[in-house]
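Enquirer: Sequence lines, in order, name chains A and B.
One gets this note's numbering by counting positions in the first sequence from 1 and adding 20 to each.
One gets this note's numbering by counting positions in the second sequence from 1 and adding 557 to each.
Treat the hints with care, since some could be wrong.
What the hints assert, rightly or not - Simulated crosslink set (PhoX-like; lysine-lysine; CA at most 25 Å straight-line):
{"id": "1", "chain 1": "A", "residue 1": "Lys92", "chain 2": "A", "residue 2": "Lys137"}
{"id": "2", "chain 1": "B", "residue 1": "Lys614", "chain 2": "A", "residue 2": "Lys92"}
{"id": "3", "chain 1": "B", "residue 1": "Lys762", "chain 2": "A", "residue 2": "Lys610"}
{"id": "4", "chain 1": "A", "residue 1": "Lys101", "chain 2": "A", "residue 2": "Lys266"}
{"id": "5", "chain 1": "B", "residue 1": "Lys616", "chain 2": "A", "residue 2": "Lys63"}
{"id": "6", "chain 1": "A", "residue 1": "Lys610", "chain 2": "B", "residue 2": "Lys755"}
{"id": "7", "chain 1": "B", "residue 1": "Lys755", "chain 2": "A", "residue 2": "Lys39"}
{"id": "8", "chain 1": "B", "residue 1": "Lys755", "chain 2": "A", "residue 2": "Lys407"}
{"id": "9", "chain 1": "B", "residue 1": "Lys693", "chain 2": "A", "residue 2": "Lys490"}
{"id": "10", "chain 1": "A", "residue 1": "Lys63", "chain 2": "B", "residue 2": "Lys622"}
{"id": "11", "chain 1": "A", "residue 1": "Lys413", "chain 2": "A", "residue 2": "Lys400"}
{"id": "12", "chain 1": "A", "residue 1": "Lys610", "chain 2": "B", "residue 2": "Lys614"}
{"id": "13", "chain 1": "A", "residue 1": "Lys39", "chain 2": "B", "residue 2": "Lys704"}
{"id": "14", "chain 1": "A", "residue 1": "Lys55", "chain 2": "B", "residue 2": "Lys704"}
{"id": "15", "chain 1": "A", "residue 1": "Lys39", "chain 2": "A", "residue 2": "Lys490"}
{"id": "16", "chain 1": "A", "residue 1": "Lys490", "chain 2": "B", "residue 2": "Lys616"}
{"id": "17", "chain 1": "A", "residue 1": "Lys664", "chain 2": "B", "residue 2": "Lys762"}
{"id": "18", "chain 1": "B", "residue 1": "Lys738", "chain 2": "A", "residue 2": "Lys63"}
{"id": "19", "chain 1": "B", "residue 1": "Lys693", "chain 2": "B", "residue 2": "Lys704"}
{"id": "20", "chain 1": "B", "residue 1": "Lys622", "chain 2": "A", "residue 2": "Lys55"}
{"id": "21", "chain 1": "B", "residue 1": "Lys693", "chain 2": "A", "residue 2": "Lys55"}
{"id": "22", "chain 1": "B", "residue 1": "Lys755", "chain 2": "A", "residue 2": "Lys623"}
{"id": "23", "chain 1": "A", "residue 1": "Lys623", "chain 2": "A", "residue 2": "Lys29"}
{"id": "24", "chain 1": "B", "residue 1": "Lys616", "chain 2": "A", "residue 2": "Lys92"}
{"id": "25", "chain 1": "A", "residue 1": "Lys420", "chain 2": "A", "residue 2": "Lys407"}
{"id": "26", "chain 1": "A", "residue 1": "Lys610", "chain 2": "B", "residue 2": "Lys727"}
{"id": "27", "chain 1": "B", "residue 1": "Lys755", "chain 2": "A", "residue 2": "Lys664"}
{"id": "28", "chain 1": "A", "residue 1": "Lys623", "chain 2": "B", "residue 2": "Lys704"}
Just so you know, these hints were derived from the structure itself, not from any lab.
These figures come from a predicted structure and were not determined experimentally.
What follows is each chain in one-letter form.
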Amino acid sequence: MVERQIAWKAQNENAVIGKRHLRIDGVEKATGDAKYSSDINTKGTLFARLVTCPHGHAKIVNLDVEAVKKIKGVKAVHLFKDVGAECRWDGELIAAVAAERPEQADDGVRALKAALKFEVLEHFVDEEDLKSGEAIGRGKDLGTNTKGDVVAAQKAAKAVSTGYYGIHTISHCCLETHGSHCEWTADDAVNVHLSTQNVSGTGGQFAGPLGLDAANVSLTCNYIGGGFGSKFAADEWGLACAKLAKEAGRPVRLMLDRATELKIGGNRPSGFAKVTVCADAEGNITGWESHHWGTSGINGSTIRLNQMPYVFAFDNYKRSATGLSTNCGPQRAWRAPNHPQLCAVSQTAIDDIAAKLGMDSYDVFMKNLAKTPRGDVYAKQMEVGAKLIDWKKKAHLHGKGQKKGGVVSGLGMALHTWGGRAHAGTCTVKIHPDGTVESFSGSQDIGTGTRTVIACTLAETFGLPETAVKVNLGSNKYPRSGPSGGSTTVGGVSGPNRRAGLELLWKIFDLVAAKHNVKADSLTAAGQKILSDGKAVCTWKEAAGLIGPMPIEAQGQGPKSDGLTDQGVAGIQMAEVSVDTETGQVRMNKFIAVQDCGLIICKTQAESQVYGALIMGIAYALTEERIMDNKTGRFINADMENYKLPRIGDIGELVVEMYEPESEYTRGVIGLGEPPVIACGAAISNAVANAIGVRVPVLPMTPKRVLDALNGGAV
Amino acid sequence: MPDQSQTTNRGSGYNRRDFLKGSGAAVAATAIAAQATDEVQAQGKGKPNVVSSGATKVKLTVNGKDHVLMLEPRAVLLDVLRNDLNLTGCKDVDDRTASGADTVMIDGKPVLASSRLAIQCVGQTIQTVESLSDGKNVDEVITGFVKHDAMQCGFCTPGFVMATRAVLNKNPKASLEEIQKQLGGNICRCGTYHGITKCALEIAKKGGA
Numbered sequence: 021m022v023e024r025q026i027a028w029k030a031q032n033e034n035a036v037i038g039k040r041h042l043r044i045d046g047v048e049k050a051t052g053d054a055k056y057s058s059d060i061n062t063k064g065t066l067f068a069r070l071v072t073c074p075h076g077h078a079k080i081v082n083l084d085v086e087a088v089k090k091i092k093g094v095k096a097v098h099l100f101k102d103v104g105a106e107c108r109w110d111g112e113l114i115a116a117v118a119a120e121r122p123e124q125a126d127d128g129v130r131a132l133k134a135a136l137k138f139e140v141l142e143h144f145v146d147e148e149d150l151k152s153g154e155a156i157g158r159g160k161d162l163g164t165n166t167k168g169d170v171v172a173a174q175k176a177a178k179a180v181s182t183g184y185y186g187i188h189t190i191s192h193c194c195l196e197t198h199g200s201h202c203e204w205t206a207d208d209a210v211n212v213h214l215s216t217q218n219v220s221g222t223g224g225q226f227a228g229p230l231g232l233d234a235a236n237v238s239l240t241c242n243y244i245g246g247g248f249g250s251k252f253a254a255d256e257w258g259l260a261c262a263k264l265a266k267e268a269g270r271p272v273r274l275m276l277d278r279a280t281e282l283k284i285g286g287n288r289p290s291g292f293a294k295v296t297v298c299a300d301a302e303g304n305i306t307g308w309e310s311h312h313w314g315t316s317g318i319n320g321s322t323i324r325l326n327q328m329p330y331v332f333a334f335d336n337y338k339r340s341a342t343g344l345s346t347n348c349g350p351q352r353a354w355r356a357p358n359h360p361q362l363c364a365v366s367q368t369a370i371d372d373i374a375a376k377l378g379m380d381s382y383d384v385f386m387k388n389l390a391k392t393p394r395g396d397v398y399a400k401q402m403e404v405g406a407k408l409i410d411w412k413k414k415a416h417l418h419g420k421g422q423k424k425g426g427v428v429s430g431l432g433m434a435l436h437t438w439g440g441r442a443h444a445g446t447c448t449v450k451i452h453p454d455g456t457v458e459s460f461s462g463s464q465d466i467g468t469g470t471r472t473v474i475a476c477t478l479a480e481t482f483g484l485p486e487t488a489v490k491v492n493l494g495s496n497k498y499p500r501s502g503p504s505g506g507s508t509t510v511g512g513v514s515g516p517n518r519r520a521g522l523e524l525l526w527k528i529f530d531l532v533a534a535k536h537n538v539k540a541d542s543l544t545a546a547g548q549k550i551l552s553d554g555k556a557v558c559t560w561k562e563a564a565g566l567i568g569p570m571p572i573e574a575q576g577q578g579p580k581s582d583g584l585t586d587q588g589v590a591g592i593q594m595a596e597v598s599v600d601t602e603t604g605q606v607r608m609n610k611f612i613a614v615q616d617c618g619l620i621i622c623k624t625q626a627e628s629q630v631y632g633a634l635i636m637g638i639a640y641a642l643t644e645e646r647i648m649d650n651k652t653g654r655f656i657n658a659d660m661e662n663y664k665l666p667r668i669g670d671i672g673e674l675v676v677e678m679y680e681p682e683s684e685y686t687r688g689v690i691g692l693g694e695p696p697v698i699a700c701g702a703a704i705s706n707a708v709a710n711a712i713g714v715r716v717p718v719l720p721m722t723p724k725r726v727l728d729a730l731n732g733g734a735v
Numbered sequence: 558m559p560d561q562s563q564t565t566n567r568g569s570g571y572n573r574r575d576f577l578k579g580s581g582a583a584v585a586a587t588a589i590a591a592q593a594t595d596e597v598q599a600q601g602k603g604k605p606n607v608v609s610s611g612a613t614k615v616k617l618t619v620n621g622k623d624h625v626l627m628l629e630p631r632a633v634l635l636d637v638l639r640n641d642l643n644l645t646g647c648k649d650v651d652d653r654t655a656s657g658a659d660t661v662m663i664d665g666k667p668v669l670a671s672s673r674l675a676i677q678c679v680g681q682t683i684q685t686v687e688s689l690s691d692g693k694n695v696d697e698v699i700t701g702f703v704k705h706d707a708m709q710c711g712f713c714t715p716g717f718v719m720a721t722r723a724v725l726n727k728n729p730k731a732s733l734e735e736i737q738k739q740l741g742g743n744i745c746r747c748g749t750y751h752g753i754t755k756c757a758l759e760i761a762k763k764g765g766a
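Bound conformation, chain A alone (with noise of 0.2 Å):
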């Protein structure tokens, strides 16, 4: 008999894996009836509404509770902070209010601020601000580290490039802002409906804190609205949820608020960089030398120094950074965490020092690979990148495109990596005796399909068609999942299901085996037909009823080290944009995703996520950032108007290539969502500096900073 091997198929051999499916949640998705955290409305429930701070700091002075409380419809009030207190940064939490109608809590909300008062004290908010910063002891050096020699290198050089590089501070901007329902059914027993990326651990950080058995409280997350990263924990709002609901004895829904959200529910910490890199005459970079520095918020980090130049390990470095602690609101994990700011700070001064020399950006790019983890890969994904944009054809040096009526175009392109390994993650898989399949899983959906994963893989172990497998997810009392976060979850489900519907299938092979005397490693599992040796033995259905009238069921686990997922992807990106030389503005013509992410599930799904990362990428080069007050220490466009998300008519093309050859698909599963939104803010500056002969330094590239460029720097 042969030994049965936990693997996934070949990729030729496979009916469903790797191949086009329709979203099996697609159209409760589409119609309104899934059900989101911000969407739940039992009998009773009240509405919260938020008081916070509006300094960048202050104390509070005055506080008055008892004259909120006298508001008609306010059932509850929960402070946050008291007199006393000081708030760090703008948005701070100060109370919240639960009333039988919205428009009610905003009365309280009102009350509440009448009698707020505070001693506004000094703030510092201007994260590119090193000089100041340091100044008034706000800088933390972050240290420095040094390899081989860089001034000789810089000595020995045929070219020398500084520059200044920058990256501003976004917001997760969760379209369902951070938020939970929570609702008692005893006096130690609450629902939780929370807006989470992390259904299996969040439970037990309501817990904690209400005195409650972990057991007792119930959580669920059946579809998320927006989840790049922030979505981790209760948070002290979902706590302030559940003791309100406790107080008013009914339950309560709270969610942020769009200002809040922008201001507290996270966002991706700013970078600012001092760099020079020099190079040899043909195109070798031999040296880099780099300060950066930029704001977490109050504890004063930004991106890694380890990293930095991104991708690229050169021979000689010397990297310092220093962290600035700002009166800002904290970061959160932001998709990709440091990826997207070191590759737009530093390969952009990649493609200066290519224009330094007189040469392409994609020739220095492919000179320099070997200085990559994975240089024969970036080597294959970038000639394929160049054909879909035809690179060639259309490249010329930095400045030197036609100008058609003050608008001129030009060509960028750029690189990144990701780990993308499996999270740990379990799940049960049962299959009843009428043939029907169940997963279940404490596991989520952030919008990276996860139900379909999980159905497309069970669907190719058992031979049937996607929409036979009922999955079922987002309660924290289903087999513990992991967090959704760092590209995890298609290799953190389909690892552990794939897994217990082999051991499932082989028990099934062998009741086939018994009854018709066969040979169970003959057996193979297609078309909703059990097949020996590729001839029909039985249906599906029939070969199910063989387990007798119980179902059977097994549980899977992973990561393990059987081959089914992996880590490590590498991943191109080339932009195409035009510059309107007089008005400043910059138009994506077309934006080239050259990406791997080892084996694929669902190709359709897969190519979402990496349209979705372009365009978020897009937002962050050209128009998305956080603008802070000095003045007045506040975060002025917390809004969704101020806060420029492009629309649907300014992304240009999108190309996607799913870079899958079979040494890719050997490999196993690797997650997808975090790499393709990390180099479209340095491809994107570079197609800039290609179009207008100078860099635009900072992202993301407005207008305005687009002209100061043009004219010189000047600010």
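We have chain A; now place chain B onto it with these hints.
Expert: Relative to the frame of chain A, chain B by itself:
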């Protein structure tokens, strides 16, 4: 993009001036509820539209059904649809009418539900995304969104579905430019514009749905 100019009231029987007058009068009124009932009864009978600031009986016609609710005049249509009628396909993304996730149709035209008071919609026909499916059959726009995977987290999707339905109602053969312009009031954070555009264009190219 839903026409912002439509957010000024037409044809509902109430306007901002009436509301302000009414709320002033209500300060002195002792029998607010009774007064409110009288005022609702007065609708359409040529009497002045004066409303109190207290809860008032309001009749809304949503997805072909009449609902009589006790609402304060300041109650926003979005909150009423979501919280009172449990029509949660209409999403609450911001209170500044800048995201399009709350797109509904009022008398056949796309309107942002957060831009209207519920009382402004008395006598009008309100359609939410829930009207595009009956549990078994779904509108072709929804089928198209699923076909082109025009969603990720799905939170903005119902708003985009309604906005797309509105574009195609207005011009079943809408061009790419028209589609981009009229869907330009809706925001997706996950980045699903590629699929949405493909879906809308495919339907428009075959002459609508």
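Enquirer: Compare the structure with each hint and give your call.
Expert: Verification of the supplied hints:
1. A:Lys92 x A:Lys137: Since the Cα atoms of Lys92 of chain A and Lys137 of chain A sit roughly 23 Å apart, the hinted pair holds (cutoff 25 Å).
2. B:Lys614 x A:Lys92: 19 Å, holds
3. B:Lys762 x A:Lys610: It holds: about 23 Å lies between the C-alpha atoms, which stays within 25 Å.
4. A:Lys101 x A:Lys266: 19 Å, holds
5. B:Lys616 x A:Lys63: Status holds; Cα separation ~21 Å.
6. A:Lys610 x B:Lys755: Since the Cα atoms of Lys610 of chain A and Lys755 of chain B sit roughly 16 Å apart, the hinted pair holds (cutoff 25 Å).
7. B:Lys755 x A:Lys39: Since the Cα atoms of Lys755 of chain B and Lys39 of chain A sit roughly 19 Å apart, the hinted pair holds (cutoff 25 Å).
8. B:Lys755 x A:Lys407: 24 Å, holds
9. B:Lys693 x A:Lys490: 18 Å, holds
10. A:Lys63 x B:Lys622: Holds, because 21 Å separates the two Cα atoms, which is no more than 25 Å.
11. A:Lys413 x A:Lys400: Within the cut-off at roughly 19 Å; holds.
12. A:Lys610 x B:Lys614: 55 Å, violated
13. A:Lys39 x B:Lys704: 14 Å, holds
14. A:Lys55 x B:Lys704: 21 Å, holds
15. A:Lys39 x A:Lys490: 19 Å, holds
16. A:Lys490 x B:Lys616: 41 Å, violated
17. A:Lys664 x B:Lys762: With a Cα-Cα distance of about 31 Å, the restraint between Lys664 of chain A and Lys762 of chain B is violated, given a limit of 25 Å.
18. B:Lys738 x A:Lys63: 40 Å, violated
19. B:Lys693 x B:Lys704: Roughly 17 Å separates the two Cα atoms, so the pair holds.
20. B:Lys622 x A:Lys55: Distance of about 22 Å is within 25 Å: holds.
21. B:Lys693 x A:Lys55: 18 Å, holds
22. B:Lys755 x A:Lys623: Cα-Cα ~17 Å, so holds.
23. A:Lys623 x A:Lys29: Within the cut-off at roughly 16 Å; holds.
24. B:Lys616 x A:Lys92: Measuring from Cα to Cα gives roughly 24 Å; hence the hint holds.
25. A:Lys420 x A:Lys407: 22 Å, holds
26. A:Lys610 x B:Lys727: 30 Å, violated
27. B:Lys755 x A:Lys664: 24 Å, holds
28. A:Lys623 x B:Lys704: Status holds; Cα separation ~13 Å.
Violation of the numbered hints given earlier is confined to hints 12, 16, 17, 18 and 26; the remaining hints are satisfied by the structure.
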